[in-house]
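S.K.: Listed below, chain by chain, are the residues.
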Amino acid sequence: MKARIMAVMLATAAAFSVAPLPAPAQAAVLRISPNGTDIATLDPHRAVSTTDQSVVAWIFNGLVRFKPGSAESADLEPDLAERWEASDDKKAWTFHLRRNVKFHGDWGELTADDVAFSLKRAASRDTSTFAASLANMLSVEALDSHTVKVTLREPDASFLNLVSNYRGGYIVSRKAVEALGNRFATSPVGTGPFSFVEHITQQRVKLAANKAYFRGEPKIDGIDYRFIPSDSSRELAYSSGELDIFYAKREQKWVDQARRRGNVVVDIFRPGEYRTLHINRTVAPLDDLRVRQALAHAIDTAQIERFVGIDVGPRGCSVVPDGYLGSDCSYGAYTFDPAKAAALLKEAGHPNGVTIRATTSNISAHLPAMEIIQAQLAKVGIKLELNVVDHPTYHDQIRKNASALVFYGAARFPVADTYLSEFYASKSAVGKPTAVANFSHCAVADAEIDAARHEPDQAKQIALWHEAQRKIHEDVCAVPINDILQVWGRSSKVDYGYPLKGALNLSLPITEVTTLAER
Amino acid sequence: MTSFVLRRLLFAIPTLLVMLTAIFVLVRMVPGDAAQVVLGDQASAASLAALRAKLGLDQPVYVQYVSFLLNVARGDLGQSLSSGRSVIEEVGQVLPSTIELTAAAIGIGLLFGLPLGVAAALSRNGWIDYVSRVVSLIGLSFPAFVSGILMLIVFAIQLGWFPVLGGSGGRQSFAEHLRGLALPALNLGLIMTAYVMRVTRAAMLGVLTEDYIRTARAKGVGPVRLVARHALRNSLIPIITVVGLYFGTLIGNSVLTEIIFNRPGLGKLILGALNSRDYTLLQGLMIIFAICVIAVNTLTDLAYGLVDPRVKYS
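Protein chains in written order, with the numbering used here: chain A, 1 to 519; chain B, 1 to 314.
Calculated from the structure, these hints are not laboratory results. Here the structure is a predicted model, which means the values were calculated and not measured. All C-beta atoms, glycine included, are put in the ideal place defined by N, C-alpha and C. One or more hints might be untrue.
Said to hold, decoys possible - To give an idea of the interface, some chain B residues facing chain A are shown, with a C-beta separation under 10 Å as derived from the structure: (1) 28; (2) 31; (3) 60; (4) 83; (5) 85; (6) 93; (7) 141; (8) 153; (9) 275.
Isolated chain A, as found in the complex (with noise of 0.2 Å):
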């Protein structure tokens, strides 16, 4: 209701505002508000969250980096590695480094050293919280002050995706961290093209520009991240001039409505937050592959499409998101078919339907949907029963293995193992000592992902990757529903330098090419 009527009064306020109020003239700092309330930390490699991980990937490099604009691993591209060589056998990976790279302030230049101590660092359980990503490393060796060679205990024709610049591949600096302590994790010290200037709780994190950067003097003077929970405060801040670039909702209306006003240009970009039913095998009737089935035919994704909107969220076919490396959906999405969902509940001695209880969240990103997916399965028979809770609650419980159906929403690494193994490996499968989350249980394609991860031959990975999806396909261990995109606002005064499709970390790539006009 508050949203509701929170929404009425920014619409009240769009109409009112015609254009952005001038701003005093000042330095080209640019001024980026996400949605969180505050920074945890910005130790790259204990930094979770998006708000988190947007400040870490503006101050750190990784080996090999994202070309900027795109969250496509087919773009990966040097970074602080100029070059590298795998061997034959994908499990020896030897990288190059650039000469003359700075660490910010009197840090001094970036060696081998640094980089072995770095991936050493992201691997330890105790200083990582992406450890469990590079287990397969076993060792790292700088071979000299510019050469680092790692070895893996199994082949891995996708290593570079781990020592890009992403979660566990960034590059710190070994003196600043051991010097620091547990104050590395408020006094950022990397090598990237903004460096960590002050935090001020709740408020904001203030960067400075690089001037020695290795690719160039960035051509802005710096970034201030202001800490704006609120969707309306951001919205009227940015009317009022006091803000560049603004983390927008993510709503068909909104995003409508902000093209027609014209003040404010809207990026609509990848990885989105693929959104999948997962269907819980080891809760009757869902046991039973004829109502798993019958409850695929019952859902119309299409109406959840048009609800959440076409731009915005988009409909998913495959169980891995369109897009990653490995996605396949040549085998056709389910179709929406009531008559044969009914058809298969009779079929499966059903014929009154069926009641399934699902703990769901009552956030605006999952509520909505399920309760649309509730009245879907309700004309087929199938009676969902929804025990709404707070977004932390849901997590806890859907670990617990207390729901028969889990709808979830995650980006990860663009990758079809990362998707394959988290949700559908049978070894991940919640209340295992391993699990991760497998909700459905799903455990007919263990085969597939695992060949898949050690095959170095990056053709037979992606044939191993199709016919995983294809048999959870089959065994409809859960239901791919729609993708919600990130959407930003900004003013027509700031240009990225690049066009922007995609951006790992959810959030926007500002490199020593982005540039912002007079005000």
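Put chain B on the given structure of chain A with help from the hints.
M.R.: Chain B in isolation, oriented as in the chain A frame:
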């Protein structure tokens, strides 16, 4: 008075102990997993278990309880589970902002509420009385997030008098600082104005019918002196009670004001701690809230004696 204060502090100890126990139990009754929030939704069960052990969340509840009490006794409220900073440090960074906003709101409440309440009582059932009552009703029934957005639209967007992002922190001139504070203080102060106005009116109506007021009038005491010296002073006790009582309410209401006007504060901190299941920060904040309320209640009791000599500190 010193012995009165000491006695009050002594009485506060069992209250504090009961309250600490309630806080400990309540925080742990909230479903959710702090380790999951810290490590994110891709964390494996093994990593989660390791972090829970590191944070002491795998210890038996009674061990956690005893450790909690001992730490509080030492003045150690622990470290935030999500940021790793000490709770005292986290609170210290936003507490001045909350105190500033609350004090400004109470100031606005007294500045407008007292004269409006007096005027309403003096013209009982007159137009001033009706207007004041309607205004106070609006103040009480308008949700803070609605009035806040309206204020931003009118005063920040349309008129451009104030910034949208008040209380932005960093280096600001005093004038800029006041401009940033004005709208959130007014937004929160409106509620306080309504409370103060209503209680002032009711108290004044009671006092104005007292014999000593009639006697003072008969002796020719002027209207200003009559109201200020005889009527208002004798109405202050319920007003002080309301101000003290609503101190806690104001901090609660300040959450929405802090979010809408983008100000740092305890309200926003407690909301963040609740969402991230940051138990240590959450219980630390609740303890600080409770101590604040106990302190304000004690100050309120002391203030009674200052405005009414008949009240004894015994």
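S.K.: Evaluate each hint against the coordinates.
M.R.: Here is what the structure says about each hint:
1. 28: violated, 13 Å
2. 31: holds, 4 Å
3. 60: Where the cut-off is 10 Å and the nearest Cβ of chain A is about 20 Å from residue 60 of chain B, the hint is violated.
4. 83: holds, 5 Å
5. 85: holds, 8 Å
6. 93: holds, 4 Å
7. 141: This hint is violated: residue 141 of chain B lies away from chain A, its Cβ roughly 14 Å from the closest one there, beyond 10 Å.
8. 153: holds, 5 Å
9. 275: holds, 6 Å
Comparing the model with each earlier hint shows violations of hints 1, 3 and 7; every other hint is respected.
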